[in-house]
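Start from the sequences, fold in the hints, and give me the full structure.
Single-letter residue listing:
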Amino acid sequence: MLSDMMKNVREKTPLIHNITNYVTVNDCANILLACGGSPIMSDDADEVEQITTVCGGLNINIGTLNRLTIPAMHLAGKKANALGHPVVLDPVGAGASDLRTQTALSLLRDINFAVIRGNISEIKTLALGSGTTKGVDADVADTVTEDNLDEAVAFAKTFAKKTGSVIAVTGAIDIVADGEKAYCIFNGHPAMSQITGTGCQLSAMTAAYVTANPDHPLEAAAAAVCVMGLCGERARERMCEKDGNLSYRGYIIDAVCTLTGEELDKGAKYDMR
Amino acid sequence: MLSDMMKNVREKTPLIHNITNYVTVNDCANILLACGGSPIMSDDADEVEQITTVCGGLNINIGTLNRLTIPAMHLAGKKANALGHPVVLDPVGAGASDLRTQTALSLLRDINFAVIRGNISEIKTLALGSGTTKGVDADVADTVTEDNLDEAVAFAKTFAKKTGSVIAVTGAIDIVADGEKAYCIFNGHPAMSQITGTGCQLSAMTAAYVTANPDHPLEAAAAAVCVMGLCGERARERMCEKDGNLSYRGYIIDAVCTLTGEELDKGAKYDMR
Amino acid sequence: MLSDMMKNVREKTPLIHNITNYVTVNDCANILLACGGSPIMSDDADEVEQITTVCGGLNINIGTLNRLTIPAMHLAGKKANALGHPVVLDPVGAGASDLRTQTALSLLRDINFAVIRGNISEIKTLALGSGTTKGVDADVADTVTEDNLDEAVAFAKTFAKKTGSVIAVTGAIDIVADGEKAYCIFNGHPAMSQITGTGCQLSAMTAAYVTANPDHPLEAAAAAVCVMGLCGERARERMCEKDGNLSYRGYIIDAVCTLTGEELDKGAKYDMR
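Chains as they are written, first to last, in our numbering: chain A, 16 to 288; chain B, 16 to 288; chain C, 16 to 288.
All the pointers check out, no bait thrown in.
Which copy is meant is left open, because identical chains are indistinguishable; a pair holds if it fits in one copy or across any two.
Computed list of lysine-lysine pairs in BS3-like fashion (alpha-carbon distance at most 25 Å, straight line): (1) Lys196 / Lys172; (2) Lys94 / Lys27; (3) Lys176 / Lys196; (4) Lys281 / Lys257; (5) Lys257 / Lys27; (6) Lys176 / Lys93; (7) Lys281 / Lys22; (8) Lys22 / Lys257; (9) Lys284 / Lys257.
Since the hints were derived computationally from the structure, they do not count as laboratory data. Values in this document were obtained by computation on a predicted structure and should not be read as measured data.
Take a look at the structure:
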């Protein structure tokens, strides 16, 4: 049950080390608190190994990466691996610049990731070794729809098998796959793309979920994706006429904070392929 | 019509590269989404040229500038110029330190800006080559009022002629001028100064407006300034007794998100001089 | 009267230089505006001395410290000392890594702080020269309760005497002490720990309070702590069923913005020991 995954986060309060971009970092911290985890942000190479040691899991997000933070990502990731802590990769904008693509590929070579979460263009870039992401959003040509869903699921499973990671491809339809099984998740609302950072927030929350559920990375990641999508729906229902994207952003985090396990199990819309 | 400028932003969804401060970056991203644009933030010298290449316009904001980001501003600006992408400069705090003043002046020498937007003290610092800005707010002595408006308009036009940029001086009364014409804009609310980053947000939004309206930089910048001021008014009307500056901040971005073209044309208060 | 402290902030609008983390920086800027102060953020060694010179006070917060910002903290702090500006230290996560512990201790050696504000684990780390902070939250073993309050007060007074600083230890019960007297403050709400950055915000606001009340650092810091706690209570009362931690965050800053002096004097819950 997805709600068991949620319950474990709330009971264990996993402390998550985040090396993440400065655009959405406050939202990442607040959604970690909202879901029942606890955040710490730290990105200097001189301390990241110690910081990750006192944490339970690590979230690496390459948005606004720079020459100081890239080495810190490698150090923290390798240390987390050595300690058996789950590590999540969010390859923001992979494909949009060589620096992002190469950094993501290099992290993939150095570090074992429990989960890799991105949009379809970013994940394709990692799988193919190059790409043409349009900024930080997915290319329209890549969009996962009902028509190409089976193909996308097969792609995600193959990449999961190759990397040993759970692959979470999020978009209008989300796919969360390991080498054998895939959750196809139909929660969410198109307006979520009008807010900066719902992807970053989901990656941070996913780190809390897989940290609190170490034996169930696939289910844990799927639960986090369902929580985010379902909260996007619930937040949307709460909106009044004058509310725009900034209120929507707040309502989603609020919804993560107030969602019950029963509501999650009832509201989650997915099938397995 | 100002609403034509808005319509073009919403139809073209211009992707804007932002090299901006970490204080208000999230608000800049969300207001870009609210107005119909799309944001990407990137400030490492190793990738800014590629990032700006996939974008339509560039917004350079020198708040929290540092030795890593200053060279990136030059690289990105020159690349954007070479590609014919419009570039906006927000000289946050120019006059408050030599580093800010010299960086702003150096950017002015290196890069052709479509629009330069700042408060009167910052713009005077650029025009005179030195200044005494009090932090990031305008000096009281510099304030544009009905009494000195014609003088301020003449100053803005002269600086516009000299730089070849549209000059947007924002404050209680806003002036948006090229070498020939100036919009004097009377929208806005004094409480906007109680929120951090309304200026930064406006610069980001202005980049989207001039990118989506490449043949009308003056009108596009004026439209962005009117949208911001009008949304400051509308957000103010929405406030209840318990709301303070943080709710106000959110309501302004919400208002940018929900404003219609008809409301803009009806609500914009300006004259031409 | 605590409300006199507040009145001075609102009348003098102290400009506060912040060298602070990128996680909560926007909230720090907005709470400074909410309380009646004015923020500027700047962390490059090439400008911090000039920036702090045009300000009235300085707030140093070591969350997300790095090799570029640490030297800037020393330069700015020494300059502020030379100018007689009050300086506040927020030793975020001291004890969680050697870098944080050593940076905080080194700043303590170099700079005279008007106020040091942290949770009990962080303050103990500074007093003992080493520590075991769990991330950025206090260790449960360290928690200040009614039972060990007198002991904690004695500890705070001793550390205040040693450093010459007002010591603000915040948690379920807050202690604000100089070498002779201590305020024990009982305002606040447990849910405040579900928001990122209430501590950072309080440190920023404390800088405004001690800057506007240079002859009363103890009373000024106590007033800031009472304002924060009381606003945490008032914001809590405002919450509706669907509100979570993100709305709560906004309501607290709103409450700081709208709180009156009368409400502060009436709502402050403290005793002197």
